[in-house]
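Dock chain to chain to rebuild the complex, using the hints, since each chain is given by itself in its own frame.
Note that the protein sequences, when read in sequence, are chains A and B.
With my numbering, letter number 82 in the first sequence gets 82, and the count goes up by one each step, no holes.
With my numbering, letter number 12 in the second sequence gets 12, and the count goes up by one each step, no holes.
It cannot be assumed that every hint is accurate.
[Unchecked claim] Which chain A residues face chain B? A few, computed with CB under 10 angstroms, are given here:
no.: 1; residue: Q6
no.: 2; residue: L33
no.: 3; residue: G40
no.: 4; residue: F103
no.: 5; residue: G106
[Stated by the list, open to error] From the structure, some residues in chain A lie toward chain B, with a derived Cβ separation under 10 angstroms:
no.: 6; residue: G42
no.: 7; residue: A52
no.: 8; residue: G66
no.: 9; residue: A93
no.: 10; residue: G104
[To be verified] Far from chain B, by Cβ distances over 10 angstroms, these chain A residues were calculated:
no.: 11; residue: Q14
no.: 12; residue: E15
no.: 13; residue: N75
no.: 14; residue: V84
no.: 15; residue: T102
no.: 16; residue: H112
Honestly, the hints are just simulated from the structure, not real lab data.
Treat the numbers as computed from the prediction; the structure is a model and nothing was measured.
For each residue, glycine too, the CB sits at the ideal point set by N, CA and C.
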Amino acid sequence: GQQLNQSPQSMFIQEGEDVSMNCTSSSIFNTWLWYKQEPGEGPVLLIALYKAGELTSNGRLTAQFGITRKDSFLNISASIPSDVGIYFCAGPAGGTSYGKLTFGQGTILTVHP
Amino acid sequence: SAVISQKPSRDICQRGTSLTIQCQVDSQVTMMFWYRQQPGQSLTLIATANQGSEATYESGFVIDKFPISRPNLTFSTLTVSNMSPEDSSIYLCSVEVPNYGYTFGSGTRLTVV
Chain A
1 GQQLNQSPQS MFIQEGEDVS MNCTSSSIFN TWLWYKQEPG EGPVLLIALY KAGELTSNGR
61 LTAQFGITRK DSFLNISASI PSDVGIYFCA GPAGGTSYGK LTFGQGTILT VHP
Chain B
1 SAVISQKPSR DICQRGTSLT IQCQVDSQVT MMFWYRQQPG QSLTLIATAN QGSEATYESG
61 FVIDKFPISR PNLTFSTLTV SNMSPEDSSI YLCSVEVPNY GYTFGSGTRL TVV
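Next up, chain B with everything else stripped away, as it sits in the complex (with noise of 0.2 angstroms):
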C-alpha cells in the first residue's frame, strides 16, 4: 500500500485565519481525496483533488472556503480558509490503491480558538 505522510499533524489556529495541510504519497496516485471529521464523528468527503484540473467538491463544500491544488500525482494541499470554531475538526487525506484500497494520512488535528 501507499505512505502517506500529512503535514501538520495538529495545529491551533486564530479564528479567521487560514491553515494549508500538505499531503504527500510516496507513489504517484490517479486520486487523492481529501475528509473532514468532526469531533466524534464519522468521516465527511470533502473533495476530491485531480491531478491538472479542479477538485471536485460534495455538497456543502466549496473551493472558497476549501481550496485544493493538485500540482502532481504524488502531492496535494488543503487550505481551511477563513476559519471559525465550528472549523475545528481532523482533515485527512487519503488515496486509491489498485488492487489494494484506500489509505489514510494519520490526519491534521485542528482547533480554532
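So here's chain A without its partners, still in its complex pose (with noise of 0.2 angstroms):
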C-alpha cells in the first residue's frame, strides 16, 4: 500500500528555535494533513492542504503542499515548550480526496526552555 516516509523521526530543540520537518511518497496524494497527539490524547487536527502548491498558515505553523503532490512539509517559528508532542503527516489512501488515511511514522519534538 501507501506509505509515507515522514523525517526527522525526532528533533531536540531549544525554545525559540525553528521546527521544519517533512513528509515523502512514491504516490500521488490529493489531501495531505498535519497532526499533533500530545500524550494521552487522540491526534489533533494542525492543517489541512487541498492544492498542489497551497501554502496554510495556523498561527506559527506553516505548511506546503508539494507541487509534485509527492510531498509536504511542516514548520514551527519560535517554538515553545507546548509544542512538545508527535507530529504526523497523513493523507487519504489511493489518490482519493476522502476515506480512510495513511500516516507517516511521526516526527517527536522536544523543546527544551
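This is how it looks when you write it as C-alpha cells:
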C-alpha cells in the first residue's frame, strides 16, 4: 500500500528555534494533513492542504503541499515548550480525497526551555 | 468539526477476555474509522465502519478478532476479542467531516496482562 516517509524521527531543540519536518511519498496524494498528538490524547488536526503548491498557515505553523503532490512540509516558528508532542503527516490512501488515512511514522518534538 | 466521545479512556484486561470500545459522535457522519496505535508507533487503520453493512477490514485485521458494530450514523463499537499482551495499544476512532477533515477521539489505552 501507499507509504508516507516522515523525517526527522525526532528533534531536540531550544525554545525559540524554528522547526521543519517533511513527508514524502512514492505515490500522489490529493490531500495532505498534519496532526499533533500529545500524551494520552488522540491526534488533533493542525493544517489541511488540498491543492498542489498550497501554502497554509495556522499561527506559528506553516505547511505546504508540494507541487509534485508527493511531498509536504510543516514548519513551526519560534518554538515554545507546549509545542512538545508527536507530529504526523497523513493523507487519504489510494489517491483519493477522502476515506481512510495513511500516516507517516511521526516526528517526536522535544523543546528545551 | 465533529466532537467524538470515546469510552473507556483506558483499561487493563486479562488475557483471553474481550473489551468493547465505544465511539459516539455529536453529529451524523457517513464514514467512521478504527485505528490502532501500538506503543511508540504510528496509527494503522483496522477497519472502516459502515452504517447498515459489515465493516471493511484492512489487511492483517479480521472480523473474528475485531468485530465492529455501526448501528446508526453517530455510534460505533470496536471489540478486541480473546486478547493477548500483543493487543496492548491505543485504539482510536475517527470520523470524516466534510470540508474539514478527519477528527479523532482521545483514544482507549488498552493494557493486556
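Worksheet item: Which numbered conditions among the earlier hints are violated in the structure presented, ordered from lowest to highest?
Response: 7, 8, 15
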